[in-house]
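Protein chains: 2
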Amino acid sequence: MTVKPRLRVLAGADIALGPGKVALLDAIEEHGTLVGAAQVLEMSYMRAWKLVQTMNVCFREPLVETSRGGTARGKAALTPTGRAVRDLYRAMEGACLQAVRPLWDEMRAYLDGEP
Amino acid sequence: MTVKPRLRVLAGADIALGPGKVALLDAIEEHGTLVGAAQVLEMSYMRAWKLVQTMNVCFREPLVETSRGGTARGKAALTPTGRAVRDLYRAMEGACLQAVRPLWDEMRAYLDGEP
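Respectively, the protein sequence lines represent chains A and B. For what it's worth, my numbering labels the leading residue of the first sequence as 1, then goes sequentially. For what it's worth, my numbering labels the leading residue of the second sequence as 1, then goes sequentially.
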């Protein structure tokens, strides 16, 4: 039994940031290419590219910079803004989890399979 | 620009509770039937019925009781456990929102369109 905070940052009709986009930021940092990040997350390159475009337009500065205009061979990296925003998102998840803990303990008592 | 906490309660492979299921609990309370609740949420009766079954098996006691074996004409109502769990979920959302506020203020500064 676990509780997962899935925070969604809305900018008008767009989802500027959510669990999937933040996982993509982590994967880009780890793999250094958009095609590698997409593969490890089992999404198409086109989908990863679209998620990056959405993030990049929702924030004042891009979160991800791609070389060679975003082609599959090009490198991708988080910008300083990208790292700052990703870190803030993870901190928000942590703050949320900590804040819900007492209520979560109450809810667990209602769940089946808890001692 | 807003941030929405979408808390997901996992019980093994099942999602015992999440934003959609809690919206269904609210709609059942408001409408008194599963078919009415499904309509207002623009989901099929079958989908609403399945969501209720998942919730009911994940918790020690059912969250929703249906008369007439869950047929479309039957009434549906939250049990005391259903109300308690729904209220705890909403309280968790509120606690999460409050906890993330300072970090959210930091993140807003990175978003486009903020003054």
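Treat the hints as calculated values from the structure; they're not laboratory data. Just to be clear, a hint being listed does not mean it is correct.
Just so you know, same-sequence chains aren't split out, so a pair can sit in one copy or run between any two.
Computed cross-link-like contacts, EDC-like style, restricted to lysine to aspartate or glutamate with a CA-CA straight-line distance of at most 16 Å [stated by the list, open to error]: (1) Lys-4 <-> Asp-14; (2) Lys-75 <-> Glu-29; (3) Lys-75 <-> Glu-30; (4) Lys-4 <-> Glu-29.
Computed from a predicted model, the values in this text were never measured in an experiment.
Which of the numbered hints are not met once you compare them with the structure shown?
The structure conflicts with hint 4 only, although it agrees with all the remaining ones.
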